[in-house]
Each structure stands twice: as structure tokens, then as C-alpha cells.
Amino acid sequence: MTAIPLDQGLGLAAALFALGLAGVLVRRNLLFMLMSLEVMLNAAGVAFVVAGARWAAADGQIMFILVLTFAASEVSVGLALILLMHRRNSTLDADASYHLRG
Amino acid sequence: MHELLWLVPTLPLLGSVILMLGAGRLSIRAEAAAGALSVGFAAVIAFTIAGGFLLSPPAGAAYEQTLWRWFDVGGLSVTIGLRLDPLSLVMMLVITGVGFLIHLFATEFMEGEEGYGRFFAYLNLFVAAMLLLVLGDNFLTLYTGWEGVGLCSYLLIGFWWRDPANGLAARKAFIVTRIGDTALLIGLLLIASRLGTLNIAGAMHNAAQSWPAGSPLATLAAFLLLGGAVGKSAQLPLQTWLPDAMAGPTPVSALIHAATMVTAGVYLIARTHALFLLAPAAQYTVGGIGAATLLLAGFSALAQNDIKRILAYSTMSQIGYMFLALGVGAWGAAMFHLLTHAFFKALLFLSAGAVTMRLHHEQDIFKMGGLARRLPVAFWSFLIGSAALAALPLVTAGFYSKEAILSGAWADGSSGRVLWAAGVFGAFITGLYIFRAVFIAFFGEAHTEVSGRYGWRVILPLTVLSVLSVLGGLIELPPAFGHVTLLSNLLAPVLPATKEAASVVPLLVASLAGLLGIGLAAVLYWRPARPPAETPLWRFWHAAAGFDWLYGRLLVRPVLWAAREGADDVIDSVYDAIAWTARTLHEQVRRTQSGRVRFYTAGLAIGSISLIAIAMIR
Amino acid sequence: MNAAAFKAFAPFTLLGVVTIAVMLLIAVRRNHHLAALSTIAGLLLCCIALPLAAPAAPIAVTPLFVVDGSVIFYSGLVLGSALVVAILSYAYLGGPEQGPREEYYLLLLTATLGAALLPASVHFASFFLGLETLSISLLGLIAYASPREESAEAGIKYLILGGASSAFLLFGMALIYADLGTMSFAQIGALARAGNPHDLFRLVGAAMILTGVGFKLSLVPFHMWTPDIYEGAPAPVTAFIAVVSKIAVFAVILRYFILADGQADASLRAGLAMIAILSMLGGNLLALMQNNVKRLLAYSSIAHLGYLLVAFLAGGALGNEAAAYYLAAYAVTSLGAFGIVAQLSTPGAGRDADRMEDYHGLFRTRPFLASSLALMLLSLAGLPPTMGFIGKFYLIASGVGAGLFWPVAALVVGSVIGIYYYLRVLVAMAMPVPAARSAAPPATAPLFGNVVIAVLLALLLMLGTYPAPAIALIRLTAGAVAG
Amino acid sequence: MNAMFAIAAGIAVLATVMMITRPSAVHALLYLTVSLLAVAMVFFVLGAPFAAALEVIIYAGAIMVLFVFVVMMLNIGGEAEALENDWLKPAAWIGPSALALLLALELGTLAASGSLARPAAAVIGPQAVGIALTGPYMLAVEIASFLLLAAVVAAFHLGRAVMRGV
Amino acid sequence: MNMLLILLLLIPAIGGVLAWLSGARHPDWPRWIAIFALAADLLLTLPLIGRAVMPGQSAWITSIDLPWIPQLGISFELNLDGLSLVLILLTIVLGLVSVVISWSEITERVGLFHANLLWATTGVIGVFLALDLFLFFFFWELMLVPMYFLIALWGHEHRFYAAIKFVIFTQGSSLLMLVAILALVFIHQRATGHLTFDYLALLGTKMSSATAFWLMLGFFIAFAVKLPAVPFHTWLPDAHTEAPTAGSVLLAGVLLKTGAYGLLRFVVPLFPAAAHEFAPVAMTLGVAGILYGALLAFGQNDMKRMIAYSSVSHMGFVLLGVFAWNTLALQGVVVQMLAHGVSTGALFILVGALQERIHTRDMRLMGGLWGAMPRLSGFGMIFAIASLGLPGLGNFIGEFLILLGSFRASVPFTVVASLGLVAGAAYALLLVQRAFHGRTTAQPGSAKPFDLTARHIAVMGGLVLAIIGLGLYPQPVFDQVAPGLAALQHEGTPPGNTPMEGQP
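Chains as they are written, first to last, in this note's numbering: chain A, 35 to 136; chain B, 112 to 729; chain C, 264 to 746; chain D, 0 to 165; chain E, 45 to 548.
Looking at chain A on its own, in the form it has when it is part of the complex (with noise of 0.2 Å):
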């Protein structure tokens, strides 16, 4: 058990969480946005959990739970809105109906 550099840690939640968003801007697929915004939630999670693990303090682990908490109900609530989406259109793609605009 050595410690970790904080650069490195939060090296790792910047990439994931750039991948994150990379996956949120290329994504066309609803499903996988919502994947995609899942990273970027966990690659904050991951900050949190670092930024903790510097302070020695169980705070970093608390914010981590509560981002859990919220990703979790973000997901529930998502995947019913696509599901409902699907239902009513029959495709997932974001681009495929923008009545909405202007």
C-alpha cells in the first residue's frame, strides 16, 4: 500500500472524464450518452475519491457516494425518458427529432 500521487489520480479522472464528455459529444445513440455522461459522473467520483485520499478524510468517500446516489437516479430516470422516447419515435437517435429549436 504506497500512496499515490494526487497528479496522477486526478490525471486519471481529467482523461476519463474527457472521455466522458468525448463519448457525450459523439455519441448520436441516446443509450450511449447516457453511458457516456455515466463516465463523466464516475471520472468525478474518482476525483472526489483522490482528493480524499489526499486529506485522509472520509469526505472525498461521502461526495463519492452521494455522486453514486445521483448517477443512480440520473440513470432510472434517463432510461425511462428513452425508453418513453423509443416508445414514441422508435429510434434513439438525439439528432433524429428536434421540434424543439429556433
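These aren't lab readings, by the way, just hints derived from the structure by calculation.
For every residue, glycine included, the Cβ atom is placed at its ideal position computed from N, Cα and C.
Treat the hints with care, since some could be wrong.
[As the list claims (entries may be wrong)] Which chain D residues face chain A? A few, computed with CB under 8 Å, are given here:
(1) Thr-15
(2) Met-18
(3) Val-38
(4) Met-40
(5) Pro-89
(6) Trp-92
(7) Ala-121
(8) Ala-139
(9) Ala-143
(10) Leu-147
(11) Ala-154
(12) Gly-158
[Claimed, not checked] Residues from chain D that keep clear of chain B, each with C-beta distances beyond 12 Å, as calculated:
(13) Phe-4
(14) Asn-74
(15) Ile-75
(16) Leu-106
(17) Ser-112
(18) Phe-155
Chain A is fixed; fit chains B, C, D and E onto it per the hints.
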């Protein structure tokens, strides 16, 4: 008796108001009565006052009557007040007397015209304004009358409003004179600012006190007043409106554009002669303008066929004489000529009107002919008027007044001699052009039907004016003829004495020049064949040396062009451009609202990345 | 957590209890009226309870929360606005049967709970939780099932964008925590002022938090979701998003920046000023020729939040007062405007009354609503005799007082552009009634809604002509936050 | 550098890259699970065993199951995969990737600015976390419950709408 | 407690509400309510006439000061001096005139129309009374809204465009003024530690000359837009043209005066040195307005547009006079405002009447109207010549005194400005020529145009008397406003300059 002075301008004003309010409700007779009698009563009062004035002149030879305080602001107090002194007395008598005669004539002349009451309303208003002009004790009252007569002139020139040409002539008259009026107004501003008062007598007094002779301010002020005078009196360079003003009914031409209003410039300069004495340059200019105008107008009159236009140019020419007189310091002579000119020019216009009213308003002299026998009343009147105009020696009033001017010019040193020469040449031309008209119109073959008879309201004014045109000169005779100086004596308290030529030579030469002109006219036009050929020279003088053309190119067209092109307000296009920019920006930014969620996310990311960059760079 | 803290926190506890109670009520008996009225009553109760908690303030409630004057003002504003939205929703949803409506009130209550807690948050954990409780509930409300096609689309957009923005927010918090080892606003401020060698983390963290907050406040360039969600969501929900969530988030970010001293930093201030200017100009330009009233109001809300940032940037007692007053004015006005839209709409119609044509001839057909909307629009435009006029005056005063030249200039330009589109709506209402439109009024029972709008109107005019009491109240409460 | 950390981090990043590039939803989900498990490993290395456990149980377990469930419900087949391949043209991903890269660079630079002190090696076990949760973070737990309640209500409502076919 | 000034505001405000409410059932009630409200205001004002004209007395006739927003140093401070009184009288009278001449023109939404009319009047009266800068700004903005409705709801073809343009111009500029007001208040606060919007307290606030210049400019632009001065005038032709007759009368007769009033009351006294430095620019704008307005008036075909541009020209004189800043010019400005209010208002009434009869304002379609409508044409002639500045009518007194005053301040400006008299003659006579004189053209859309009705004749007769009265006996006006102007002049003369006063 003097206390009734305020009634003199008020009565015509009252007549005018009655006629305006009663428009459409009064009978023709009532309208005629209101129109003519209001001026008639004013004349009666004026003559009564004049009698009183002559018998027992008030102290200082001036009677002042303050009606009410107009305003008193910031140290400048202006009253509406009247001042009767010999100068204004003469003017008042001319205006009311000749005015009444012309009103009387007009009641018959205008019968059957649409807007009979309106005509007299305007004409009465004119008389009131003209009286205010000459009686006003301060410049602002004078200016009020000045503008008032301009307005009435406008209204009356355009009296027959259905014809746009009349409207154009009326507007031209108003706007051209307004240019002069504006100069006058600036002059008033200068006087009020520098001399601290607008009271005419006070200002003249202060000017003499505070401005040395020849000082730039005095010169400037004199030139500005001169600007007003040339506009109103149709002198160079603002003379172009007068011939067109003949579009109005003939009594209007007689009253406004011959006997009274156009002489207001002469009155103004005479009234402010103290200022002109301080500004020799301005005074020379007055004389020069007079000489130039009298020649220009004389030549132009030679090239006209319309009888009223001939008379219009002759008016310009005669006022040129008056200016010439003012320029050489022959103040009294100028006023004398103003007086006699009022008689014989009114006579000429009225008799011309009497002719045309029987010829279905035909004004071309070449379409008349042989009228001497068929319209004897008009013929004799016109002939007497023409003789007076041409200064037929000894028997006409015009002779004496013109001789007074020329003698004054002769006596005024070397520059005066030049002006004298111009005046003499002018006398020759005058004789030529007026008798050209007489011979062509009244002799030879008849070209037009004549109908109707004259009533007493035409004959009476013609008779009275004829008598005055003949005998009016006797109030002032040169030394060679007994040296009567009634007018000079009267005017002595207000105007400096006129220098007179000691020699008889100039008098003889001038008389001969006039006779020569008449003689030449007899030779040339005794048997007129047909209208003159339209040679370039003729066209040049017919168009009065092309001033209209010049002004049209220089001023009127550019303004019209600018008004037409600018009507949509170029400044507004700046704001339109701003509005357009906003709308365009809106269209552009609105495209970002594509409705695509990934695009929005990209926006979010870009924003955040930029913010982070700002935070990191700082 | 001692008794005093418990007492001070009681209004929020009460709101939680109300939520549970309504849930149980729904479980026992599904009835729209029952659910709606119990929600309204509960919110009313909370509104009453809030000032009763005042004597205990200011007091810290666990490290996560504080109850002070500012909380009472902003949370009070949140609760009051939520109450208005609840009543409007009752009128809006009160039409013929369109499926289950009871959960709507449940979500409204949880959203309100999240929002009401935000002004009291002094810790990242509570900040985040309040925000996300609000967001998730809103997600449900936006997409609230109805025949309206757009709801789901709006929900999806809010899901993706809200999730991404929350991730940014969280990451930023993590960075600050990593740097300073604390998540309490006050401690962050203390450490920052003490001079920390690694300021960069704090600044980048603040920038990322600003991303999340900017999204919730719909500031340019995080604004793009706003019109789509405003248009797609049911009208009362739109009012909720426009008012309640904005007030709550603004209050918490205000507190964060005051406590954590973010305003002192030049680069952050520059970024904020830029965001403010972009929002004022962008929002107004976007609204310029907009023909959908809900979108128009959405764009205008972007601009209004930009205006608010001027007061935010100005800071100080005057800035805080200005922000508080403007938020109150904005709440009254926007609730009124969206409320009128809601009053004119029914969920059964397939879409809300949001096209410009729907407003033609409104002065004739619905004079009360039209006149009210006219005054609301005047208030948004900042013209007297409305609260918006005083509010805008206050904002400009704070901006001028702080010497913020460019933001004030943008405010002026933005306001002038704004006039144009607000007046366009006025003009539309003055147009003749289109022949094609059926004259039948909406099927809902609009009495409740109309009463609420009348109350808002009265507030708008009273506080617009005699704002002294409101200012006194703000000095007593929200002004206290200026520590 | 801790080898365990390096390997786990590498796997996490690689798996995530794979996840966002896979056309097949099931494959992507599997990669995502791998990534999450790797992250759990990282947590463990960092001395946060409780977080690691939650990561496995809730993230890799519960949440992923939800996804799988939905993928199955939607019955996404090869047709969709072809479509996904079509959507993954360079033109579609270059811009966004550059953006993400920029963000990564910024955050990486920040992390590498490196001035943060190396943390002490310590394990924060479930007990410490539990004490904190019931102590200062007590209200956070309460509010989190309301967050979950809201999510449940929303999901329930929307899900019912799906079932009713509205 | 002197409630008079408050009543002056309350009566039309409440009258407006009553008019609105009653309009739904009885179309004639709003008219009578409006007349009663304005007449009551007039009755309240009449006893004030002639007060405070004695030298040595305070310029204020009556005042009231109530706390309003004490937290910000804002109070409900109304003060009335001769200048305010005269302008308020003009407002009320033209308000009455507007009601009377709208009798037959406005038949739709009568209640709302009169409500807006009364509210606009309220706002304008408030502007003339308010001495607290915030209160002033409040009323300044308040009058905008009803005016907007008057144009947008009862106007002609392009009413929406015109109304929005009007509001945007005024609003944009008045926000600049708000910024300037606030900056002034804060500067004062920093200097004295006292936060107040009280005009009397803010007079003489010390600041650097650069600051003073910018603040002065903020105020100036707001008032220059309202006046309107070139180049901020372009809203006016549109607004005037599209407004209903009553709207045009109120706009031309009253609203434009608020701009001049603001210049007099605020711009120069608050920033004397800056204003004097700025005077050449302002006078240039004034002269430009005189000539540009006249030129464009000359070029218009739409009668209302022509009159609107003539307003620009006339208001150029006002701007010139204000910045000449001596008693003569200022008194001239006051008379010019009154005379312009009456004469232009009357012209708009005539155009309105004409449009009601022949359904056009295009002068190309007119001509020879004298034959069918001699009375209308006669009145038109009178007011046309009034607007060209004929002595004996009110406008002349104004223009003459302004020119006389500005002659002392600057000869070149005066000389150029007086060219405006010639230009004025050109467009005014063109109006007469094109509409009333000339050949009678077939009138579109009306079989038999009828002349003015008795109601119109009474109104027009009154206005004729007013314009003649102003022209021949303006002294009561001068006496009424003299103390107020003297006080303003005292404030507005920078310490270095000796007032251009006393013996000329």
C-alpha cells in the same frame, strides 16, 4: 384729436376682422361697405389728425401714443406704440387717401368675383398693416407691419387661388421679400443688442452717440436694413418678384405693388437716415442700387407687352429714382417722389384696370389698340398718368419730383453726377416705354371688343388721382419756378435739408431727355404693326436680364433637389442600419438554437473550456 | 444538531414531512384535488413557518446548512413561488382526465425542497444535493407525461445537458476539495484569504462550478437548452424552472462567492463580466424576432439573469440589495407571465398557448389576462409603474456605483433591444381577433389561477410604486449576507 | 509509481475508449463494466475500500444491469449497429474529440502543475465513512433519500407512461 | 400639508382608471370623465397663476416633499415654479383639446383611449413637477407607456412600427440619463456622505470637468431625443404621422416640451461649466435642426410628416435658445414652446379633420380644398403662417427672442438660424398651396367633403385666440416664468462667467 390716432390702423383691421368672421354670411353690399368705408373712415380721421398736426404741431414735431407694453424681457422693453411725425404723417395720408380711392375703385372692379368679401378682408388687413408699418414707433412694430404687408401681398397676389401660377407668384413674392426681411431682422438684432433699444428714435439717437461715422457696426447695420429695403421695394438684387406679383387683381397692384408697400423700403431708409449718414458706404450703395435698378427696369419695361408688367417695371424704375435720391442725401426729394409716384402710379394702374375690365381681362397691349375713342375716361386717365410718369415738364407732378431728385444728385459732387446721368438717361427711357404703351394701346386699330360702362366708383378715383397727378407737384417747386417748399418745410424736423442744384442746366437737360423719349416713342409706335420680333436682346430684356434664370439655377433648383432627394431623411437610414444589424445578428445567433442536444453540449463544453482557460491564464 | 438548530431548520423539515404526507395520501387515495390542495396547503404552511424560524437565525445547522436572514428571504421567495406554481398547476391540470396527475405534486414538492435548501447551503455536499434533487425532480416534471410531444424531447435534452453540467460542477468541487481539503464555503474563503499557494486549483474549480451553475441559471454560453425546455415543459413547470430554480441557484452561488471570496479574483470577475455581457446581449438578440411566447420569455430570462449578474459583480451592500430586489421583481413578473400562459393553455390541447397568433386579440377576448400580461411585460421591460422598473433602477444603480462600465453599457443596450420584443407581444394582443380561432375559452377552471395572477399584479404595482417596504425587508434579511 | 494503480488506470482509460467507440450497445456496456471495475481497483489502491466496494456493487452491478435490461427491452440488433458505424465517421468525431482533448489538456496541465503535496498513505475504511455519514453529513443522507424518492417517482411515472403507451 | 400638487397628479390618474372601467358600457362616459378630470385639474391650477411673480420671493410657488424610498434617499418631491405652471397649463389645455377633437374620430375602445390619454397627461404633469431625480425619471418613463398605446392602438397604417420606434428611441436615451443620474448621485454621495436624489441638493455637486461632461451628455441625449434635435429626430415624423390626432397633438404639444424642460431644468443647472463648454455643439445641432427640419418639411408629400419636420425645425430654435442661456433666449424658449404647442397642435387637428373627410394625408391628392372647406382652410392658413413666424402671432415672439438672445451668445449661429425663417416660409406656404389652393382635384373616397363642425370650430377658434394672445400680449407669460428662469439661470451660470444679463 391726436388721441384718435390708434383708430387709423384699427378701423381697417376691424373691417378685416368683420369680413373674415362674416365670411359667407354678409351680402355683397355689406362687404363692399365694410371694406371701403372702414378705410374711408380711417382716411377721414387721418386727414383730421393731419389738419390738427399742421395747424398746431406738437412739441418736437412728433406725437407718440403708446397702446400697450408688448413685452419687457431681460432689459429690452418693447411697446406697441404709434408715433406721428411729419414723415409718418405723409405716409399715413398717402396710405389712407390713395388706399380709400383704390378700395372704392375695387368695389366696382371686383364685382362678380368669387371671394368678394375675402378680397376686402385681405385688402383692409393690408391697409392696417401698412399703417402699422409707418406709424410704429419702434422697429419691432415696424417689422410687424412689414411682415403683415408681406403676408397680405402674398394673399392678394394669390387671390385667384385656383390657378397654381398665381400661387407660385405669390409664394415667390413672399419668399424673395422674406430674404430681405431676414436681413432686416438680423439688423434689428444688431441694433437691439448694440444700441439697447428697438425704439426707432432712441436707436437713432444712440447710434449717433455711440457709433462714429463710418464705423463698421454702423455700416453693417445700415446694410442689413438696406437688405430689408431692397426686398420690399423690389430693387436689385431682390427685384424679381415684382413683375410676377401682377398676378393679383389690378387694384392690388395699384395699392400694394405701386402706391404703398413697395415704397416701404424708401420709407425705412428715410426713417433711419441717421444711421445711413453714419455709413457712407451704405448710402452710396443705396444710390448705386437705385440707379442700376432704374435703368434695368426701364430697359425691361421696353421689352414687355403686358400692360401691367410694363407698369410693374416702371414701378421698380421709379423706386430706383427714390433710392437714388436717398443715396445722394436728397431725403425730401425721395419722399416727394414717393408721394407723386403714389398718385400717378395708382392712377396708371387703375386706368389700366379700367381698360382691362372692359376687355375681358386682356392685358396684352398689342391686342388692344384704338382705345382712345372707345374708352375716353380710361384713356385720359392713363395719358395723364403716363405724362406724370414721363415727367412731362411743368404740367405734371412727376416732373417736379423727378427734377428735385436729379437736382439733388447734381448737387452731390462727382459721384452724384454719375447718378444724375443715369437718372437722365432713365428719364429718356421712361418717356419711351410708357408712351410706347400709350400709342400701342390707345391708338391705331382696335383688336378687341369693348363692353360695359363705368360706374361712379371707377370714375371718381380716376378723376381725383388725375387731378393729384397734375397738381400734386405744386407743393414743392424748384427755385427756378418760385421755390415753393411746403413739403420740405413739413419734413424739416425729421429729415435733413436737401441740397439743390443752383444751375438750371441740369433741369433743362433732364426735361429734354424725357421729351426726347416721348418723341421717339411717337416716331416708333404711332402706327404699331405687330408685336416686336423676339431677338436675343429682346428676350434678354423681356426676362429682365435673366435674374430669374440665374436664381433658379443657383438657389431654387439646388434646394428643390435637396428637398426631393432628402425627403426620406438620410439620417434615418443610420438607425435603419442599426435595426438591420440587430435583426441580422438575431438571425445569426438564432441558428445556434438548432435543437440538437449534442450541439448544445458542445456549447456547454466550449464555454467551460474557455472559462477554465480564463481562470488558468489570468 | 441542537434544539435551536432543529427549530431553525423546522420549515425545511416540515417540507419534507409534507412531501411524505402527500405521498402517503396518494398511496391511500388517488385524487387530483386532494393531492393538489394538500400540496398547496403544505407549501402555505411552510411559507408561514419560515418567518417563525427567524428568531433563531442566524444559526448553523450541521456543517452543511445555515439559517440566516438571507435564507429566510431567498427560501421564502422559493417557497412562495412554488406555492404560486402549485396553484397555477392545479388550474392547469384541472381539466378533463388525462391520466395520473398526482405524482406531479410529489415531484413539485421534492423540487421545491431541493430549491429551498439551496439558499441555506454552505457546503458542497448540500449545494450538490439540493441542486440535484431539484434537477431530478424537474426532469420528471419537464417530461411529465401528457399528449404533448415536446415534453419527452425536452426531458431528454435536460437529462443529457443537466447531467453533463452536473459532472462539470462535481469535478470543479473535487478540484477545490483536492486543493484545500474542505468543502465548507466559509473555510474555503478563510483558506483562500489566508493565501494558498495553489490558487489555480481553486480558480479552475470555480470555473467548472460556474459551468454547472451557469447552466442552471441559463447564462450564455450555457444557455442553449433554455428555450427548448421552456417550450417543451408544461407551462407551470416552465414557470417553476424560470423562477424557483433560478432564485435558488442564484442565492447559493451568491453565498458561495461572498463566503469563498471569489469576487475578489480578477480573472474570475473578468469571466463573469463576459458571461454577463454575453447573456444580456445574446438573450435579447435571440428573443428579438421570436414568435413563440414561451421561447421569447425563455430568451428574455437569459437576459434577465445577465442583468442580475451586474448586481452580482457589483457586490457590496447595494449589489446584494439590488440582486435581492431584482430577483423578487423577476419572480413576481415571470410567475405572472408564465402563469398567464398557463392560464391560457390546457395540457389536453396538445400544446400550450405559446404562438404569437394565440395572443392576437387577447385584449378583447380575455381583457383581464391581457392587461395583466401587458403589465408583466412592461415590468420585464423595466417600465414604470412596475417592480421591474424599480429593479432595473436598482441594478443600474449598483452597476454604476461599482463603476462597471461595460456591463452597465450592455445592460442599457440589452434593455433597449428588449423593449422591442416585449412590445411585439403587446402589439399582438392588440391585434384583431383571428376569425379562425374558436371563441370557446379553455376548459380549465381558471379561478384559482386568476386570483393568483391578480395577487401578483397587485404586488407588481404596489411594490413598483412604493418599494420602500420591500427594500426594508431586504435590508432586514438578504442584506445580512454581506459579511 | 504504483504498478497496480498504473495497470488499473490504464485498463480504465482503455476500456472507456473502447466503450465510446463500440457500435454495439452490449459490447460498449461490457467495456464500461470493465472500466468501472478498473476504477474500483484504483479506489482500492487509493485506500478507499468502501468506495471500491460500492463502485462494484452499485455502478458495475446495479446500474449496468439497468442498462442491460433496457438494451434487451429495446432489442437493438445488427441494423442499429450498422447505423452506429455510419454515425461514427471521422467527420462526426473529430471536432468533439478535439474539444474533449482540449479539456483533457487543461485538466491534465492543472493536475500536472503538481504542486499538491503527496498524500499520506492511509486507508479510510467503511467505519470512518459511516461515522461521517451519521455525523456532519446526516442531513445529506436525508436529502439524498429525497433525491432518490424524486427519482423513483419520476421513473415510476415515466415508466408507467411507457407501459400505457402514451 | 399641501395636497394640491398631489391632487394635480391623482385626478387624471384616477380619472384614467374610471374612464377605462366605464368605457365598456357607456362609450360617452370616458369622454366626459376625461373632460371633468382635466377641467378639475385646470381649476386647481388657475388660482396659482400670478403667484410668485414678485421679485425677491422664492421662485417656487408651492411644493411638497413626502418620504418615498427613504432607504435610497428618494423622496416624493414635487415643486412648482412659473415655468412648470405654464407648461402644465399647456398640457391640461391641450389635453382638453385632445378629448374634444377625438369625439368623432375615436369610436373603438373609447375607455382605454381616454385612460391612456389621461395617464399620459399625468406622466407629463409629473415630469414638470418632479424635483427628485428618481421621481422625475419615474414620470419620464411613465408617460412613455400610455403614449405608446395611443400610437400603437389607435394609429394609422404603420402604427406599430412608429410606436415601437418612438419607445425605443426614448427608452434608449433615457437609460443613458438614468446612468448619468446615478453617477451624479454617487459622486455626490462620495463627496458628502449623503445619498440623495434631491435636485436641489445635487445642484453644485463638484466633479472633474471630464466627468461632468459625460454626465451632462447623458442627460442631454435623453432630452435631445425627446425634443427632438437632429440627429435624434427620426422617430418623430413616424410617430406623428401614425398617431391618431389626439396623439399627435399630445406628442407635438406636450411631450416634446418635456425635452426642452429637461434641458432647462437639469442639463444646464446641474452641469453649468460642461454645458457652457458644450454650447457650441448644442447650438450647432439646434441650427442644423432648424434648417434640416425645414428642408425636409419642404420635401414631404404627407401632410403630417411635413408638420412633423416643421416641429423639428421649431424645436431647433428651442435648442439654440436654451444653450444661448440668457434671459431673452430663455424667455423666448418658453414662448416658443407654448406657441409651437398651440400652432402645431392646431395643424395636427386640421390634418386629422381633413383625413376624416377625404381619407388621405397625401398632399398630391389634395388641392383646391378652399372651395369645399373654407373654414378648415382658413384656419389652416392662419396656423401655417403662425408657424412661419409672422409677427403678431406667438411663434414670432419666441423665435425673435431666441434669435436676439443667441445673437448675444453667438452671431454666426444666429445668422444661419435666421435663414430658417426663409425656409419656414417656403414650407408653410407650400402647405397652403398644395392643400388649400390650386386646382381642385377629385377627392378620393368621399362624395361631398363637409366643412368643420361647430365643435372643431370652437376649439380652433380658441387656439387662434391663444396664438394671437401670445403674439400680441405675451408679457403675463414672461412675468410668470421670470423668477423661475432667473433661479435656473443663477444655477446654470458657471462661476467664472458673468451672466450675460442686465443692460445689453
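Which numbered hints turn out to be false for this structure? Structure breaks hints 4, 5, 16, 17.
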